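S.K.: This is what each chain is made of:
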Amino acid sequence: NAGVTQTPKFRVLKTGQSMTLLCAQDMNHEYMYWYRQDPGMGLRLIHYSVGEGTTAKGEVPDGYNVSRLKKQNFLLGLESAAPSQTSVYFCASKIRPGTDNTGELFFGEGSRLTVL
Amino acid sequence: AQSVTQPDIHITVSEGASLELRCNYSYGATPYLFWYVQSPGQGLQLLLKYFSGDTLVQGIKGFEAEFKRSQSSFNLRKPSVHWSDAAEYFCAVVSYSSASKIIFGSGTRLSIRP
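Quick mapping for you: the protein sequence lines, in order, are chains W and L. Using the numbering used here, the first residue of the first sequence is number 1, and each one after it goes up by one. Using the numbering used here, the first residue of the second sequence is number 1001, and each one after it goes up by one.
Looking at chain W on its own, in the form it has when it is part of the complex (with noise of 0.2 Å):
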């Protein structure tokens, strides 16, 4: 059982090149979410999903895109990386809110990525 598989791991790129992080988990779950977490500020949410074809915005979605179209997969891209946008990316995901469930997240193991 994976759970939730980040790839790549680990990428360099130079200022305006492009690329995309895929995400993908095997539990079921309807909603997922990237994250990148930049020392002392913590988690800050980029783009999150609460379904396949659904996206939506985060604390700071700029310069980030996103798309849902498979349950189980959930991509960001970055169309012209800048050295601010050097991190570390996590996924995550968890099923539907209701009444008996304990909206816990689920976590990938991180994507750090430079940006030149």
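Don't read these hints as lab results, they were simulated from the structure. Note that the coordinates shown come from a computational prediction; the quantities given were computed from them, not determined experimentally. All C-beta atoms in this analysis are idealised placements derived from N, C-alpha and C, irrespective of residue type, glycine included. There could be a bad hint or two in this list.
Lysine-lysine pairs mimicking BS3-like chemistry, simulated, CA-CA at most 27 Å apart [what the hints assert, rightly or not]: (1) W:Lys57 <-> L:Lys1101; (2) L:Lys1101 <-> W:Lys9; (3) L:Lys1068 <-> L:Lys1101; (4) L:Lys1049 <-> W:Lys57; (5) L:Lys1061 <-> W:Lys71.
Counterexamples of contact, computed for chain L against chain W with all Cβ distances above 12 Å [unchecked claim]: (6) Tyr1027; (7) Thr1055; (8) Ser1070; (9) Ser1072.
Once you've looked at the hints, dock chain L against the given chain W.
M.R.: Chain L only, in chain W's frame:
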């Protein structure tokens, strides 16, 4: 807007000593509250959660937290820390009315003195 504040950036305690990590939230509605732990180079793992009922909740690894509505706090405690507890700890809040959005505090790094 909802927010979570963890006022302590870094705490060092001696092994065997007690621990309390502070968390304050700002939210008008009834929140769902969580504590997560992150070991170096790893993702986050859930320690415990509060939804309703008993305001003192027990979690894994001997941790507990107490929800105090009057103080808007959800502090994490452990009576006796172990060297393996050295990690970063995050408090998080979920809106009951908008359960999709989960906001994290900035984290508290815990170091253990031998």
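S.K.: Should the label of Tyr1027 (chain L) as a non-interface residue stand, given a Cβ cut-off of 12 Å to chain W?
M.R.: holds, 15 Å
S.K.: Holds or violated: Lys57 (chain W) with Lys1101 (chain L), Cα cutoff 27 Å?
M.R.: holds, 10 Å
S.K.: Should the label of Ser1070 (chain L) as a non-interface residue stand, given a Cβ cut-off of 12 Å to chain W?
M.R.: Holds, since 24 Å exceeds 12 Å.
S.K.: Are all beta-carbon distances from Thr1055 (chain L) to chain W longer than 12 Å?
M.R.: Non-interface label stands for Thr1055 (chain L): nearest chain W Cβ at 17 Å, farther than 12 Å.
S.K.: Can you confirm whether the C-alpha distance between Lys1068 (chain L) and Lys1101 (chain L) stays at or below 27 Å?
M.R.: holds, 22 Å
S.K.: Does Lys1101 (chain L) pair with Lys9 (chain W) here, judged by a C-alpha cut-off of 27 Å?
M.R.: Holds. Lys1101 (chain L) to Lys9 (chain W) sits at ~25 Å (cutoff 27 Å).
S.K.: Would the hint linking Lys1061 (chain L) and Lys71 (chain W) be met if the CA-CA limit is 27 Å?
M.R.: Since the Cα atoms of Lys1061 (chain L) and Lys71 (chain W) sit roughly 33 Å apart, the hinted pair is violated (cutoff 27 Å).
S.K.: Verify that the Cβ of Ser1072 (chain L) lies farther than 12 Å from every Cβ atom of chain W, and report whether the claim holds or is violated.
M.R.: holds, 18 Å
S.K.: If you draw a straight line from the CA of Lys1049 (chain L) to the CA of Lys57 (chain W), is it 27 Å or shorter?
M.R.: holds, 25 Å
Hint 5 from the earlier list is the only one contradicted by this structure; the remaining hints agree with it.
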